[in-house]
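Go ahead and model the full structure; you've got the sequences and the hints to work with.
One line per chain: the protein sequences are E and L, in this order.
Here numbering that gives the first Met the number 0 is used: the first residue of the first sequence is 0, the next is one more, and so on.
Here numbering that gives the first Met the number 0 is used: the first residue of the second sequence is 0, the next is one more, and so on.
Everything labelled a hint here was simulated from the structure, so no lab data went into it.
Note that beta-carbon positions come from the ideal geometry of N, C-alpha and C, so glycine has one too.
Hints should not be assumed to be uniformly reliable.
[Claimed, not checked] In silico DSS-like links for lysine-lysine, alpha-carbon gap of 25 angstroms or less: (1) L:Lys58 - L:Lys9; (2) L:Lys58 - L:Lys21; (3) E:Lys254 - E:Lys92; (4) L:Lys183 - E:Lys19; (5) L:Lys58 - E:Lys390; (6) L:Lys58 - E:Lys35; (7) E:Lys19 - E:Lys35; (8) L:Lys58 - E:Lys19; (9) L:Lys131 - L:Lys113; (10) L:Lys9 - E:Lys19.
[Said to hold, decoys possible] Computed footprint of chain E on chain L, listed as stretches where at least three residues anywhere in the stretch have a Cβ under 8 angstroms from a Cβ of chain E: (11) 96 to 105; (12) 128 to 136.
[Unchecked claim] So the derived list for chain L, only partly shown, Cβ under 8 angstroms to chain E, looks like this: (13) Ala54; (14) Ser87; (15) Phe91; (16) Ala153.
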Amino acid sequence: MDAETPVSAGSQARLNPQLKDTLASNGVIADRLFIKGGQWLLLALLLLTVVFPLAAMLWRGIAGDASQGGGMQAAITLVSSANFRWLLGNSLKVSLTVALIVVPLAYAFAYALQRTCIRAKPLWRGISLLPLLAPSMLPGIALIYLFGNQGVLRGLLSDNIYGFWGIVIGQAIYTFPHALMVLLSALALADARLFDAASSMGASPWRAFRSITWSGSRQGVFAALCLVFTLCITDFGVPVVVGGDYQVLALEAYKAVVGQQQFGRGALIGMVLLLPALLSFAVDLWLRRRQRDAMGGRAQVYHPRPSRGRDLAFLCTTALICLALLGVFGMAIYSSLVKFWPYNLSLSLDHYAFSELPGGWLAYRNSLVLAGCSALFGSLVIFTGAYLIEKTRQTALTQLLRLLSFVPMAVPGLVFGLGYVFFFNQPNNPLSGLYGTLTLLVLCTIAHFFTTAQMTAAAALRQLDGEYEAAALSLKVPLVRHFFRVTLPICLPALLDIIRYLFVSAMTTVSAAIFLYSPDSVLAAVAVLNMDDAGNVGGAAAMSTLILLTSAGVSLLLAGVSRGLLRRSQAWRQPTPGL
Amino acid sequence: MATPHAVSMKVRNIHKGFGAFKALDGISLDIAAGELVCLLGPSGCGKTTLLRCIAGLEKQDNGTIVIGSRDVSDLPPQARDYGIVFQSYALFPNLSVEQNIGYGLNGNSRATIKARVTQMLELVGLAGSEKKYPGQLSGGQQQRVALARALAPAPSLLLLDEPMSALDARVREHLCGELRELQKRLGITTLMVTHNQDEAMLMADRIAVINQGRVEQYASAHDIYRSPATPFVAEFVGQGNWLPFERSLDGHAQVGGLHVRLPVRLPGESRGRLFCRPESVVVNPPVHEDNLFSAHLHELTFLGNRCRLRFELDALPGHSLLAEVEPDAMPRLTGADMWVALPPRSLQVFV
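Here you go:
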């Protein structure tokens, strides 16, 4: 074009000048609706599904009806009773033992995957995540078949598996991948320059480990300890299956509410169980704030070099742990196929004939619906929410939302379930109609697993250039359009991750759902519990296996979709470390 | 230079604080239609905050911003009508060059958008790159796409936030010239933020030197270099020599044991600092000059287009000074002793 023609009046492309103003004013209204409306909706959702139920539980526990075991007087009686102290002691002993066994093992495993050159890392990683895909009862069921009174390895144990060690082993298996994930990320990145500096100063590998690796990851170790401890103390899936006479607090809360309708007593125990979770969460947050960022912009990513002895040692450790996990899960699957343990070992699908049981296939269908809805709606709500918190002007409202999104992390599922009972089961609550429906279970599942999903979304969003939104605004593009056209496509892998996480969590969780289901909305994981309770261990194993296979199938499917998407978008997606 | 479409901009008394920190402390600027103004200053001086206030990305605590005849002080970014190029370019990686440039053209017909995109790509010299993704372009090409995207909706104002700092030095100078030429051709009123004085001097009609949230000086590059308004400007732009002085009895300056003649007489009691550019210092003048002092050479550095001499006046030990001479005009030096003249006209007084 020649110098005399200004671009604003270009001869080839005539832009409509009035369009600009229309677009701008429409965009402003659309954005206000999207941002403010979305933020207030998210606030309403978090209040309704997190804050109010928790408050209801606290209220019931402190000021509740004495006839239901609530109120201050009942609290004092409860805490001072010998039975309570016995339960608390058992819970603490079990949880501490599991934490001290699992975290060192998980640390070695994570170290092997991140800092050594062992072979077949994806394989080990995949096997180690198996326990995430099944309800926590599954390891317990497998233990019964392995070491129970008629177990194949009964001879190896002098004592009965039912009791302390049964719970410890079962919970160790169940919590292992949780600890592993925390430690994997704690050991994920290291600055190679620090190791070069250490070796140039003549530090031994052990010294380098202590001063660089350990100091960089000990906060992760603490976080893993806290996580495992909290998961164990609030879990009742394992104790209910292999606990025998060894009772723990979580089980007691379950029995108080579901068995005896002692809501106040349940609330009090729920509050006791909330304490360690809150405490460890607060300490973890405090530590995290103190820890400086170990990976600055100039850091060079550390790549381990092969070292024969070290690699062999870690390969053996990893393989042993994986073998144990495979043994347990293999046993569970095998036992679900055996006709009549231990008298008729021929294989059949008899245990999978759930149609003869009340709520058999219905439970599985319900679980699929729950997992699908939680994954679909949950991921959209959480991702959009994270966007509205991270990428808009910071206000008091966004700060409040940020704070509230952290709360679910500190609340165990059992406490969630209790809170929902107390809040939604009130006759004068206009939402009490939701009680016992799948809808409420969906809400509860999303709320329960909110924080982890939200953190994944926020981390993905923070990797995006902070000026994208500013650029879109300067071009008069409404934020909501920008969100769907640019943000979402870029973050699709993270979104799929969230979908997978929510689906699998919804499929396997019992802790909250056990308080909330009705005969119409019974879930597969709940059915496992009920079948086991009724002595149908084979059926419980079969249903657990079905859950495991479904979770694994959906995970693989989503991983495939994610890979396909990445390949299709290879033209513009630069490889980012850690993906 | 200005086209009929170009608009002027008035910024009046903008204040902006972040907690106790005052990022902008009463900034006022007038930008004429079609003018290119650079905001120049050290990092943290508030120049980017000012740009973001003008863009509506930050809300100023008080003050007004008028673009053309519209007071946009309280308008959201979408309603302000500007194009912006960020330091990072903020090109959307999942959209092709074509889609990036057409991003702000929504509502126009498909054919119009296509024609406009082609036109913009020709304008920035990237015709034929429509289908590429930003990740497949070099830094300089990305910057051109960002510029094309910003200009595509024909905004009345162009904002540039450190557009060159992600480029390496050689590409930078070339692109500075190109960008300036394009801006002149379009006649679009432009505000650019930079911390690099070379960029500012290469491109700007006027430069606003900003320090601690205030405008220290707002003038052409020539005036800013030749007659800096404040010691900060003198120090920040280019190199300089500083000589502490007291007023001598005859109204000139007393620097240590030296009597220094000034272009004008100093009034009353005064003390302060004299400022002199290194290239104004005359080394070993062939004839007598004012303010001729004996000196001792410490270091001679060859910088290609000039030689830099670091020396000390014999009467002012411990005070290192600089002189710069073109290599061809370099006088013969015998040993470390030499004479330097500080011509009165080149001396500026800061009290």
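Hints and how they fare:
no.	hint	in the structure
1	L:Lys58 - L:Lys9	16 angstroms, holds
2	L:Lys58 - L:Lys21	14 angstroms, holds
3	E:Lys254 - E:Lys92	21 angstroms, holds
4	L:Lys183 - E:Lys19	24 angstroms, holds
5	L:Lys58 - E:Lys390	16 angstroms, holds
6	L:Lys58 - E:Lys35	17 angstroms, holds
7	E:Lys19 - E:Lys35	24 angstroms, holds
8	L:Lys58 - E:Lys19	23 angstroms, holds
9	L:Lys131 - L:Lys113	15 angstroms, holds
10	L:Lys9 - E:Lys19	22 angstroms, holds
11	96 to 105	holds (count 4)
12	128 to 136	holds (count 4)
13	Ala54	7 angstroms, holds
14	Ser87	5 angstroms, holds
15	Phe91	5 angstroms, holds
16	Ala153	4 angstroms, holds
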